[in-house]
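Number of protein chains: 2
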Amino acid sequence: MTGPRLSFWYEFASTYSYVAAMQIEAKAAKAGVDIVWRPFLLGPLLNAQQGLTDTPFNVVAEKGRHMWRDLERICAAEGLPLQRPSVFPRNSLLAARVALVGLEAGWTPAFTRAVYTANFAQDHDISDRAIVRDLLGRIDVDAEAVLAEADGEPIKTALRVQTKSAQDHGVFGAPSFLTSGGELFWGQDRLDQALAWAKKENEGDA
Amino acid sequence: MTGPRLSFWYEFASTYSYVAAMQIEAKAAKAGVDIVWRPFLLGPLLNAQQGLTDTPFNVVAEKGRHMWRDLERICAAEGLPLQRPSVFPRNSLLAARVALVGLEAGWTPAFTRAVYTANFAQDHDISDRAIVRDLLGRIDVDAEAVLAEADGEPIKTALRVQTKSAQDHGVFGAPSFLTSGGELFWGQDRLDQALAWAKKENEGDA
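Chains A and B supply the protein sequences, listed in that same order.
Mapped onto the numbering used here, the consecutive letters of the first sequence carry residue numbers 994 to 1199.
Mapped onto the numbering used here, the consecutive letters of the second sequence carry residue numbers 994 to 1199.
Hint data in this document are derived by calculation from the structure and do not stem from the laboratory.
Possibly wrong hints are sitting among the right ones.
Pairs count within a copy or across copies, as identical chains cannot be separated in the list.
List of simulated lysine to any residue pairs, SDA-like, C-alpha gap at most 25 Å [said to hold, decoys possible]:
| # | residue 1 | residue 2 |
| --- | --- | --- |
| 1 | Lys-1192 | Leu-1064 |
| 2 | Lys-1157 | Pro-1082 |
| 3 | Lys-1192 | Pro-1147 |
| 4 | Lys-1020 | Asp-1063 |
| 5 | Lys-1056 | Gln-1155 |
| 6 | Lys-1193 | Arg-1131 |
| 7 | Lys-1193 | Arg-1062 |
| 8 | Lys-1023 | Ala-1054 |
Chain A with its partners taken away, still in its complex shape (with noise of 0.2 Å):
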């Protein structure tokens, strides 16, 4: 028998992604939930279900008022440090490869806070492959080996597989929680519940 797991569906350019990628380890370890980390382009999925090219808090100056002030309040609340990006969203291709390299060798939750912080604390830009080498040398990673193994085929097929699989769970925003049963679950403020629901489905409850 196994232990409850939860996909955690996340975007580098994604604000409450931030949130949820810098709480999801302490909060899974102490409800006792496995994380599968499940970096993916949610570009592709916008413009796909909702015909966009922009994030809809570009498109939609209400929307990104509220997303801006409402981070504010929950970084404040959560003692996270915030510096809002001066390029918004930034292109995270480069990190979302990088960060499937990581999966076997386990160090994919490292790099993807080190990501994070640059892009939302630091207002780095992720993008450049100078920062994202420091980044993979700060977190005691051979950076050109892979840069390597990120810009190979290998990668960009699995980052393509990982996107199309996200929209094929019904996926569209990020970040997204989804249990072994299938409960999908969208948005930081949904982190305890989702884990919650693993932890009651793999005890048969749900």
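Take the given structure of chain A and dock chain B to it, following the hints.
Frame of chain A, contents of chain B only:
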């Protein structure tokens, strides 16, 4: 000196407004915050801000699927009845006008709960005058007099002004909560935060 106040902006066709409307009085009483009831029409805002002529939950299938499941989970957790309306969204014009009529006499909260229960727990057509008349009768209000007033120009104008005011305050969805200091919170899941903010603001700490 007045106590803390929070404006509750709601739309009778909105699912998450239903949950908020059923919770807000107990939560506000516990927090010591006065609620200002602000029924408005979301449709004109969705159209003006996003060019939509229908709810995003119908326009984007994935969003709709998640919303209904999320609502089921929330209602189950909160002990609220839920029967998915056979028509969604229902036309909320009459109900919103009637709700405005009741503000001075103070029966708007009771009427609001009755309308939401009819729409989301009993699958009744809240745009039907006979249904609204019945709901008014149940809260011991002179239904004919109220309906006549709801049909008059002053109330029609008042609803237009109210909806315009929502827009001017940056509202783009329902429910929304607005503090006296202009702090805007969107979504039923922000109700606790909004109440806490209103209190803090009133104490001069915000």
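Comparing the hints with the structure gives:
1. Lys-1192 with Leu-1064: between (28 Å within a copy, 20 Å between copies)
2. Lys-1157 with Pro-1082: within (21 Å within a copy, 31 Å between copies)
3. Lys-1192 with Pro-1147: neither (34 Å within a copy, 54 Å between copies)
4. Lys-1020 with Asp-1063: This pair counts as both: shortest intra-copy Cα distance 21 Å, inter-copy 21 Å.
5. Lys-1056 with Gln-1155: between (28 Å within a copy, 20 Å between copies)
6. Lys-1193 with Arg-1131: Classified as neither; 38 Å inside a copy, 41 Å across copies.
7. Lys-1193 with Arg-1062: Between. Shortest inter-copy distance 17 Å satisfies the 25 Å Cα cut-off; intra-copy 34 Å does not.
8. Lys-1023 with Ala-1054: neither (38 Å within a copy, 34 Å between copies)
Checked against the numbered hints listed earlier, the structure breaks hints 3, 6 and 8; every other hint is satisfied.
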